[in-house]
Each structure stands twice: as C-alpha cells, then as structure tokens.
Amino acid sequence: MSFKKIEAIIRSEKLEEVRIALEAEGFVGMTVTEVKGRGTQKGIVLEWRAGEYRVEFLPKLKVEVIVDDFDCERAISAIEKSARTGQPGDGKIFVSPVENIIRVRTGERGDKAI
Amino acid sequence: MINAGDTAWVLISTALVIMMTPALGFFYAGMVRRKNILSTLMLSVSILALISVQWVLYGYSLSFGTDHAGLIGGLNWLGLNGVGQEANAGYAATIPHLAFMVFQLAFAVITPALITGAFVERISFGSFLLYILLWSTFVYAPVAHWVWGIGGWLRNMGALDFAGGTVVHITAGISALSMAMVIGKRKGYGKTPMEPSNIPLTVLGAFLLWFGWFGFNGGSALAANGLAVSAFVVTNTAAASAALAWMVVSWIHKRPSVLGLATGAVVGLVAITPASGFVSPLSAIVIGAVAAVISYYAILIRTKSGLDDSLDVFACHGMGGIFGALATGLFAEKAINSAGADGLFFGNPGLFGIQAFTVAVVALFAFIVSFILAKVIDAIFSLRAKEAEENIGLDIAQHGETAFS
Chain A
21 MSFKKIEAII RSEKLEEVRI ALEAEGFVGM TVTEVKGRGT QKGIVLEWRA
71 GEYRVEFLPK LKVEVIVDDF DCERAISAIE KSARTGQPGD GKIFVSPVEN
121 IIRVRTGERG DKAI
Chain B
80 MINAGDTAWV LISTALVIMM TPALGFFYAG MVRRKNILST LMLSVSILAL
130 ISVQWVLYGY SLSFGTDHAG LIGGLNWLGL NGVGQEANAG YAATIPHLAF
180 MVFQLAFAVI TPALITGAFV ERISFGSFLL YILLWSTFVY APVAHWVWGI
230 GGWLRNMGAL DFAGGTVVHI TAGISALSMA MVIGKRKGYG KTPMEPSNIP
280 LTVLGAFLLW FGWFGFNGGS ALAANGLAVS AFVVTNTAAA SAALAWMVVS
330 WIHKRPSVLG LATGAVVGLV AITPASGFVS PLSAIVIGAV AAVISYYAIL
380 IRTKSGLDDS LDVFACHGMG GIFGALATGL FAEKAINSAG ADGLFFGNPG
430 LFGIQAFTVA VVALFAFIVS FILAKVIDAI FSLRAKEAEE NIGLDIAQHG
480 ETAFS
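In the order they appear, the protein sequences are chains A and B. Using our numbering, the first residue of the first sequence is number 21, and each one after it goes up by one. Using our numbering, the first residue of the second sequence is number 80, and each one after it goes up by one.
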C-alpha cells in the first residue's frame with residue numbers, strides 16, 4: 021500500500037484537456053491551484069505605453085493528483101499527452117511518495133480513502 | 080442677462096470636468112503596482128476635496144479677483160464674497176458668476192491631480208497635501224491669473240489658451256518634472272519589474288477622461304453656442320487622431336497595446352485643449368497625430384534617462400501642453416473664433432511668437448516655484464514615505480487598507 025503525489029505545472033488553457041484525459045483513465049479527484057512560475061524561457065515581455073516591460077513570472081496552473089503506485093505511469097502519461105503543445109512553457113511534472121491518505125468524512129485510511 | 084441654455088451647459092460641463100479627477104485617479108491607479116492602487120486613487124480624490132475648499136476660501140479670488148499689476152488677483156472675492164447669482168460681464172455675461180467660479184474650480188482641482196503621476200508609490204501623504212496646497216496657491220493661482228484673469232499680463236499680450244493647455248497642462252507637466260527630480264526614484268526602479276496592477280482600470284479612466292473633456296473644452300466656450308460645438312468636435316477629432324497615431328507607432332515598434340492607444344487618446348486631448356476654441360477639425364487631426372508621436376518618443380527618452388517620472392506626466396502633459404500651445408500659434412483661425420487670432424499658417428506669425436514666449440515664461444515659472452516648494456517641504460518633513468512603508472506598499476502603510484481581500 022503506497023501512493024504517489026503527481027504535481028503537474030501546466031498551461032492555464034490546458035486544464036480542461038488535462039481533466040478530461042485524467043478522468044478518461046479513471047482519475048476523478050484532483051486539486052488545482054493558480055501559481056506563478058518560470059522555466060528556462062524565463063519571463064515574458066509585455067507592451068508598456070511606449071516601449072516594453074518584462075514580467076519575470078508567468079501565470080500557470082498546478083494540478084495535484086494522488087494515485088496508487090500501480091497507476092502512476094498511466095496518470096503521468098495522460099497528463100503529458102494532454103498538456104503538451106511542443107512549445108516552451110508546457111510545464112513540468114513532479115512525482116513524490118505519499119505516506120498516507122485520510123478521507124475526512126469517514127476517517128478511512130490508505131487505499132480505502134483514495 | 081442670464082441665459083438658461085448657457086447656464087445649463089456650463090453646469091453640465093462643470094460636472095463632467097469634476098468627474099475627470101476621479102477618472103484620472105483610476106487612469107493612474109491601474110498603472111501602479113497593486114500595493115499602491117488605493118494610495119494612487121487617494122492622491123487624486125483628496126485633491127478634489129482639498130482644492131474645492133481652498134478655491135471657495137481664497138483660490139478663486141487670487142486667480143480671478145481684481146487685478147494687481149497683471150500678476151495676481153486681489154482678495155476682494157475671499158470666501159466668494161460678492162460672487163453671486165448675477166453674471167460677471169467681464170468673465171461670462173450670460174451665466175451666473177457662481178457658475179463661472181465653479182467651472183474654474185473643476186480646473187483648479189484636476190491640474191494638481193495631474194502632477195501626482197510623477198511621485199506615486201513613494202510620496203508621504205502629509206507632505207503631499209502640503210505641497211498641493213502651496214502649489215495651488217503659488218503656481219496655479221498666479222498662472223491662471225496671468226493667462227485668464229482680467230488684467231493678467233499674458234492675456235493682455237494676446238496669449239491664447241482656450242481651455243488650459245498652458246494653465247493646466249504645462250504647469251502640471253513641468254511641475255511633475257521638478258517633483259520627480261526632488262523625490263527621486265522608486266526603490267528598485269529600473270532593476271526590478273514594476274507590473275501595472277490593472278490595465279482595464281486605466282483604460283476605463285482614460286475613456287472617462289475623453290468623455291469629461293467635452294466639458295473641459297466644450298464648456299470653455301462658457302455658452303451653449305456654435306463655438307462650444309466646434310470645440311466639442313475638434314476635441315473628439317484630436318483624441319481619435321492621436322489614439323490612431325499612437326497605435327500605428329507602437330505597432331511599427333512591436334505590438335499595438337490598448338494601454339498605448341489610451342495614452343495616445345489622452346495626449347491628443349491635452350494637445351487640443353489650448354487650441355480647441357480656435358482651430359478646424361482638419362487642423363485637429365494634425366495636432367493630435369503630431370502630439371502623439373512627440374509624447375511617444377518623449378516617454379522612450381525619459382525611460383532611458385533614468386528619471387522616474389513614474390506615469391510620464393511630463394512626457395504626456397508637459398510635452399502635449401507645450402506642443403498644443405505652440406500649435407495654437409500655428410493653426411488658430413479667426414474664421415473659427417472671431418475673438419481669437421490668426422496663427423502662423425493663416426498669415427499671422429506674431430501669434431506664434433506670443434505663444435512661444437508664454438510657454439517659456441510659464442514653464443520656467445512653474446519649474447522654479449515647484450522645485451523650491453518641493454525642496455523646502457522635503458527639508459522640513461521629507462517628501463518621501465519611509466523606506467519600510469514604500470516596501471510594504473502605501474495602501475497598508477499610509478492608509479491602513481488593501482485594494483483586494
């Protein structure tokens with residue numbers, strides 16, 4: 021009984037595609053957070069009244085899904101495929117171990133709570 | 080004889096111009112960082128409160144009261160004593176004197192509010208109020224008297240300023256320059272990004288300014304007549320022409336932003352202000368477009384210079400006002416307004432000379448007096464907010480509130 025947390029930083033406009041792809045694989049629950057961040061592309065240049073200014077952090081979404089170890093690769097590939105455009109700024113996926121899961125309503129633990 | 084139509088138009092125009100001061104607050108607030116949105120709004124709306132009282136107590140009298148040596152109005156209308164429901168034939172023969180007074184009040188309010196764009200995000204609020212009160216007394220009142228007051232020396236010389244290119248925009252734009260020099264850069268300016276908090280707020284403010292400007296320029300005819308309509312039409316035309324020109328220039332450079340177009344519109348409105356009662360719609364197209372190009376490059380040059388005139392009051396209002404005043408000397412036609420004069424392009428080079436002289440005198444006067452006021456206040460009270468207040472943001476640090484929950 022072990023679980024993984026998948027944190028995917030994605031383009032804001034890709035959220036619906038990612039949700040649909042995850043749901044198609046049977047992953048219904050997820051948490052979405054508005055975040056700001058930067059990758060190798062760094063920030064973005066925007067137009068001022070005359071000339072430009074640089075914004076160093078871009079708005080992104082972070083999607084968190086907790087899955088059984090066994091399902092992990094399936095969830096990751098669903099996100100990868102649905103979030104990819106091929107352009108810089110597609111984001112990153114982080115995977116880390118989760119010790120336990122507790123369902124607040126019933127107090128169930130572990131794989132009963134996932 | 081009081082004329083009902085004239086009075087109604089001047090009252091509506093007054094309300095339009097009063098609206099421009101909060102509109103300016105929104106225009107500016109959208110361009111500052113989110114920690115200073117309320118502080119920036121406060122600068123404009125507190126001036127509406129402060130100068131509305133100052134004008135009634137002594138500002139109007141000092142500007143428009145009985146002339147002393149062409150330099151300043153007398154104290155004969157202190158507390159609006161003698162300013163009543165009857166007309167004052169010298170200023171406006173067909174509306175109550177009180178209507179002329181309150182129309183002028185709206186201008187006295189918005190002019191110092193324009194300056195605030197130079198020192199947003201770092202001004203100490205108490206020092207600011209003192210600066211504005213002294214500035215209105217020692218810069219605005221004399222210049223308004225020189226150009227608009229009966230007996231004023233520049234008025235007698237034949238200087239034309241229909242709605243305030245010189246009295247409003249040059250004084251504000253030049254004083255902004257002096258304030259930016261004295262107060263210094265925002266912390267981190269040029270090193271860390273300063274993201275505008277809310278461009279839609281700025282766009283809303285800009286187009287409310289456009290709307291209010293019909294009162295500003297159209298109302299300056301002080302009557303509901305053909306001249307008011309002419310001023311109304313050239314105002315809209317110059318704003319549109321400048322907005323288009325700004326859009327084209329920024330498109331050539333890279334991309335046409337709505338922030339740029341809105342800025343262009345305001346610059347066109349500034350430039351047409353002194354000319355609005357004297358020029359044709361075709362001249363207005365030229366005036367607006369040229370002003371936009373001048374101010375666009377003035378912003379680029381100012382940015383390179385490192386001077387933190389944060390919202391480019393000098394580039395937009397100073398340069399726009401100077402160009403508008405000079406353009407009045409080129410494009411004015413007696414055919415539009417028989418009480419005006421012909422400009423250089425209509426066979427009278429003398430007017431251009433008078434306009435150029437007026438620009439130089441007013442710019443120099445505004446710069447020197449504003450600079451001295453800023454230095455004196457800075458020495459006694461410090462113009463700047465404390466460093467920690469600036470870091471936290473003036474909304475919380477000076478006003479105890481936040482724009483968003």
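Read the hints as simulated data drawn from the structure, not as lab findings. Only a predicted model underlies this, so the values are computations on that prediction, with no experimental measurement involved. Keep in mind that the hints are not guaranteed to be accurate.
[Unchecked claim] Straight line, CA to CA, 20 Å or less: simulated SDA-like cross-link-like pairs of lysine to any residue:
#1 A:LYS24 / A:ARG123
#2 A:LYS101 / A:ALA41
#3 A:LYS62 / B:GLU274
#4 B:LYS383 / A:LEU66
#5 A:LYS62 / B:ILE331
A quick look at each hint next to the structure:
At most 20 Å may separate the alpha-carbon atoms for a hinted pair to count; A:LYS24 and A:ARG123 meet this at roughly 16 Å. Our distance criterion of 20 Å between C-alpha atoms is met by A:LYS101 and A:ALA41, whose separation comes to about 8 Å. For the proposed pair A:LYS62 and B:GLU274, the alpha carbon gap of about 16 Å is at most 20 Å, so the pair holds. Under the criterion of a C-alpha separation no larger than 20 Å, the hint pairing B:LYS383 with A:LEU66 is consistent with the structure, at around 17 Å.
Taking the CA atoms of A:LYS62 and B:ILE331, the gap is about 25 Å. The hint is violated against a cut of 20 Å.
Consistency note: the structure conflicts with earlier hint 5 alone.
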